[in-house]
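Participant: With chain A's structure known, arrange chain P on it following the hints.
Residue numbers (my numbering), protein chains in the order written: chain A, 1 to 219; chain P, 1 to 219.
There are no misleading hints in this set.
Derived lysine-lysine pairs resembling DSSO-like cross-links, with alpha carbons at most 27 Å apart: (1) A:K47 - A:K132; (2) A:K173 - P:K103; (3) A:K103 - P:K179; (4) P:K47 - A:K210; (5) P:K173 - A:K173; (6) P:K173 - P:K103; (7) P:K47 - P:K13.
Rather than coming from a laboratory, the hints here were simulated on the basis of the structure.
Protein chains: 2
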Amino acid sequence: MERHFDEQLTVLKNTLIKMSALSETMITEAIRVLCERNAAAIPHIRKREEEVNRLQIEIDGICLRLIALYQPTAGDLRFILGAVKTNADLERMADMAINICDKAGPLLEEPPLDLLNTGLSEMAALASQMVKDSLHAYVNRATDQAHAVLLRDDELDDMNRRITADLLALMQKDSGIIKRAVDMLVVARNLERIGDHATNIAENAIFVVKGLDVRHHHE
Amino acid sequence: MERHFDEQLTVLKNTLIKMSALSETMITEAIRVLCERNAAAIPHIRKREEEVNRLQIEIDGICLRLIALYQPTAGDLRFILGAVKTNADLERMADMAINICDKAGPLLEEPPLDLLNTGLSEMAALASQMVKDSLHAYVNRATDQAHAVLLRDDELDDMNRRITADLLALMQKDSGIIKRAVDMLVVARNLERIGDHATNIAENAIFVVKGLDVRHHHE
Chain A
1 MERHFDEQLT VLKNTLIKMS ALSETMITEA IRVLCERNAA AIPHIRKREE
51 EVNRLQIEID GICLRLIALY QPTAGDLRFI LGAVKTNADL ERMADMAINI
101 CDKAGPLLEE PPLDLLNTGL SEMAALASQM VKDSLHAYVN RATDQAHAVL
151 LRDDELDDMN RRITADLLAL MQKDSGIIKR AVDMLVVARN LERIGDHATN
201 IAENAIFVVK GLDVRHHHE
Chain P
1 MERHFDEQLT VLKNTLIKMS ALSETMITEA IRVLCERNAA AIPHIRKREE
51 EVNRLQIEID GICLRLIALY QPTAGDLRFI LGAVKTNADL ERMADMAINI
101 CDKAGPLLEE PPLDLLNTGL SEMAALASQM VKDSLHAYVN RATDQAHAVL
151 LRDDELDDMN RRITADLLAL MQKDSGIIKR AVDMLVVARN LERIGDHATN
201 IAENAIFVVK GLDVRHHHE
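Excised from the complex, chain A in its bound form (with noise of 0.2 Å):
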């Protein structure tokens, strides 16, 4: 039995890694579209989404069965219902990606503003970075990493903030691309927003791990 449960959750951690690499590659993928001008990629990223949209499914239907099988206790249970919680912030990172892939279609149908493109980039790979810490942070139950996600959401934040101040700047002067200003507003802050999600996995990590800690105080 315990054999068999170790086994299971060895699938839970590989199914979460698994969906966590898809939601990485889509962000990468959504902000190459923008930064490299290619909109023929963008049916492929919608194609991956489904394949995320599946992830979510199995991932809950192994916690599920996890818990009424095993009846888990302490830190596996904290582990499992934190993976429930996981689960949904990687779905809504690969969310986040069609939202930049939505802006992305009208954005490359007029000139673009090359000024931000490095900005952004960085952006996304700050972001794609800390979903890959938070997610590796979550299923290794390691907290130091956790933490280091928390305080790279301050950085990306800053950066969204310098992009929105660049934005608004461009904006005053030339109203002409007030329209693809915002786009481009909405997409730093889709990636602000993935680095909530990351924060929230990387909590998740702690939240795992601080309850072990209380446990252990009790004992």
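Facilitator: Frame of chain A; chain P shown alone:
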């Protein structure tokens, strides 16, 4: 044992209802701050967020204890896992209300963009109603009501699109209002995201019951 479980399940439902009511109130109050230009209410709303955060931890704790002590299965287990997810959505709605307060501060230091107050109030009323209905659908496992929430989300998205178009037009006419209009866009988008969270809760409600249907099918 069975009776204790039912009692604890009722505690879970009542705590979810309490948290939802608090989030609804925060949304309504945050928009009232903007529309009535009353910054004095902001600290009060921030105070409420602390209570929301406290309730979030309490609800996670109830869910953990319910599973660990009573080993629920099937529909009850799905209900509790759904409550963990619903809890996260309710907490994020309160965050959106705080985001609105964050934008209200600078907005109230400038002359009002009167045109938009009505649209925002309507959006906030619909978003609050969706929160109420989705939570009601959840605790009562009422799939009809849950489906109704999913449909109303389209309405909310339309409102957001209309307000966005109005604001873009205003900005193009008068570059002096760009900063305020972008802040208002963020407010409207936060209301739209509250609708997304209500939609998540409605989907959770359907998941609880659809699972039940599947189980009945197997029987």
